[in-house]
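Novice: Per UniProt numbering, the very first residue in the sequence shown carries number 1; after that it's consecutive.
Take the hints with a grain of salt, since some may be wrong.
[Unchecked claim] Keeping only pairs whose Cα atoms sit at most 20 Å apart, straight-line, the calculated SDA-like set for lysine to any residue is: (1) Lys142 - Asn216; (2) Lys107 - Lys270; (3) Lys181 - Gly284; (4) Lys142 - Lys112; (5) Lys207 - Gly248; (6) Lys238 - Glu193; (7) Lys238 - Glu297; (8) Lys112 - Glu289; (9) Lys270 - Phe174; (10) Lys181 - Val296; (11) Lys198 - Ser158; (12) Lys139 - Arg113.
[As the list claims (entries may be wrong)] Cβ-Cβ distance ranges computed for the label pairs, FRET-style: (13) Ser168 - Gln206: 42 to 52 Å; (14) Asp283 - Lys159: 16 to 26 Å; (15) Ser158 - Gly138: 17 to 27 Å; (16) Glu297 - Tyr231: 37 to 47 Å; (17) Pro295 - Ser226: 30 to 40 Å; (18) Lys270 - Glu155: 12 to 22 Å; (19) Pro151 - Tyr231: 41 to 51 Å; (20) Pro234 - Val146: 28 to 38 Å; (21) Ser171 - Gly284: 26 to 36 Å; (22) Gly172 - Glu297: 15 to 25 Å; (23) Val146 - Gly172: 33 to 43 Å.
If you are wondering where the hints come from, they were derived from the structure by calculation, not from laboratory data.
As the structure is a computational prediction, the values presented were derived from the model and not from experiment.
Glycine is no exception: its CB is placed at the ideal position from the N, C-alpha and C atoms.
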Amino acid sequence: MSAKKHSFHLTHIQNQLSAKADASSLCSLPAMSALLALFLSCLFLFFYIFGVKQLSQDEDPLHLLQSFSSLKDAPPTKTWTEVRVHPLSYEENMVRAMALFEQNKEKILELKRIQQFAVDVTLDPDSAHPKLILSDDGKQVKHGDVRKNLPDNPERFSKCVNVLGRQSFSSGRFYFEVQVKGKTKWDIGVARESIKRKEFKPLSPQKGYWIVILRNGNEYSAAVGSLIRLYCHPGPEKVGVFVDYDQGLVSFYDVDAAALIYSFTGCCFKEKLYPYFGPGLNDGGKNSEPLVICPVEKMPGRSKNPRHCGLDDADLHT
1 MSAKKHSFHL
11 THIQNQLSAK
21 ADASSLCSLP
31 AMSALLALFL
41 SCLFLFFYIF
51 GVKQLSQDED
61 PLHLLQSFSS
71 LKDAPPTKTW
81 TEVRVHPLSY
91 EENMVRAMAL
101 FEQNKEKILE
111 LKRIQQFAVD
121 VTLDPDSAHP
131 KLILSDDGKQ
141 VKHGDVRKNL
151 PDNPERFSKC
161 VNVLGRQSFS
171 SGRFYFEVQV
181 KGKTKWDIGV
191 ARESIKRKEF
201 KPLSPQKGYW
211 IVILRNGNEY
221 SAAVGSLIRL
231 YCHPGPEKVG
241 VFVDYDQGLV
251 SFYDVDAAAL
261 IYSFTGCCFK
271 EKLYPYFGPG
281 LNDGGKNSEP
291 LVICPVEKMP
301 GRSKNPRHCG
311 LDDADLHT
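Using the sequences and the accompanying hints, generate a full structural model.
Specialist: Set out below in structure tokens:
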């Protein structure tokens, strides 16, 4: 048997085991461990048999005997009769399915509820850093390579490549959505009116920022002075921002998944809040997609793609 045929058989075994692994929710942990052990045994046998076949084609009998004696013993056979696979019953599967359905329904209902507070947000060109490019309708922003010659008015960011929304809020509840698809970095949230716009400042509630950020394509964090790492898999393509001014709440959502990303709670707002947008440097074209303020659409009856968002495990123990 040729090496190609051996490779085919090994691949076939891998595919079979992968199919079994895909049904891991129906198998016990010992069964999965047994499958792994079986695969490793098959892998050892593949190389053992292939080595023997190669040596058998050697025309030098002395070399054949010398080489054969150096081969390791084949692994002992294992009895698999003690392995038990316990598939879930029909009733157990139905209970799990209904629990997931209820959980998904509650998430969708929550997002639908807060989407009722959607407001029309446009970008304020007077606050935009000189290297930012804003669309004519004030709905898109991205970083450019050329610093425009703009008036250095008090409202304008001169150090950080950010821009605020035109609209301010000092009571009640409001909500807006931002498309972030294709970007490797961004800052999104709200900021108070008195933030320092002419110097670098750490993004934190103490400095007047309630922000969630993305870095390096897949590193999500909440900016609280230090960074709280967030787990989002896969990452959101559209981020919803909800603020309850009177209750001191700022929440971020993965819109398509109807999943909560992070909430700032117990906030003490004493001045106007503005939507805050940082598209990040374009990074030689790697982050050239704009942030887009989207019209808020009605949530579908169910989330299309299941996603998981929340605190990174590392931060749950800090």
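Novice: A separate judgement is required for each hint: does it hold in the structure or not?
Specialist: We went through each hint and held it up to the structure:
Restraint check for Lys142 and Asn216: satisfied, since their Cα atoms lie roughly 17 Å apart, inside the 20 Å limit. For the suggested pair Lys107 and Lys270, the alpha carbons sit about 30 Å apart, so the restraint of at most 20 Å is broken. Our distance criterion of 20 Å between C-alpha atoms is met by Lys181 and Gly284, whose separation comes to about 17 Å. At roughly 29 Å between alpha-carbon atoms, Lys142 and Lys112 are farther apart than 20 Å, so this suggested pair is violated.
For the hint pairing Lys207 with Gly248, the CA-to-CA distance comes to about 16 Å; that is within 20 Å, so the pair holds. Proximity of Lys238 to Glu193 is assessed by CA-CA distance (about 25 Å); at most 20 Å being required, the pair is judged violated. At roughly 11 Å between alpha-carbon atoms, Lys238 and Glu297 fall within 20 Å of each other, so this suggested pair holds. A hinted pair counts as satisfied when its Cα atoms are at most 20 Å apart, and Lys112 with Glu289 does not qualify at roughly 28 Å.
This hinted pair checks out: Lys270 and Phe174 have alpha carbons roughly 16 Å apart, not beyond 20 Å. Only pairs whose Cα atoms come within 20 Å are accepted, and Lys181 paired with Val296 is accepted, the gap being roughly 16 Å. The suggested pairing of Lys198 with Ser158 holds, with an alpha-carbon distance near 5 Å, which does not exceed 20 Å. Between Lys139 and Arg113, the direct Cα distance comes to roughly 24 Å. Violation of the 20 Å bound is thereby established for this hinted pair.
Our hint of 42 to 52 Å for Ser168 and Gln206 is violated, since their Cβ atoms are close to 20 Å apart. The hinted range of 16 to 26 Å is satisfied by Asp283 and Lys159, whose Cβ atoms lie roughly 18 Å apart. In this structure, Ser158 and Gly138 meet the distance hint of 17 to 27 Å, their C-beta atoms being roughly 20 Å apart. Between Glu297 and Tyr231 the beta carbons are some 26 Å apart, a value that contradicts the proposed interval 37 to 47 Å.
Distance hint check for Pro295 and Ser226: the Cβ-Cβ separation is about 35 Å, which falls inside the suggested range of 30 to 40 Å. The beta-carbon spacing between Lys270 and Glu155, approximately 20 Å, falls within the hinted interval of 12 to 22 Å. A hinted range of 41 to 51 Å holds for the C-beta pair Pro151 and Tyr231, which are about 43 Å apart. The supplied range of 28 to 38 Å is met by Pro234 and Val146, whose beta-carbon atoms lie about 34 Å from each other.
Separation of Ser171 from Gly284 is about 43 Å and departs from the stated range, judged on CB atoms against 26 to 36 Å. For Gly172 paired with Glu297, a C-beta distance near 22 Å keeps the hint of 15 to 25 Å intact. The supplied range of 33 to 43 Å is met by Val146 and Gly172, whose beta-carbon atoms lie about 39 Å from each other.
Going through the hint list in order, the structure does not satisfy hints 2, 4, 6, 8, 12, 13, 16, 21.
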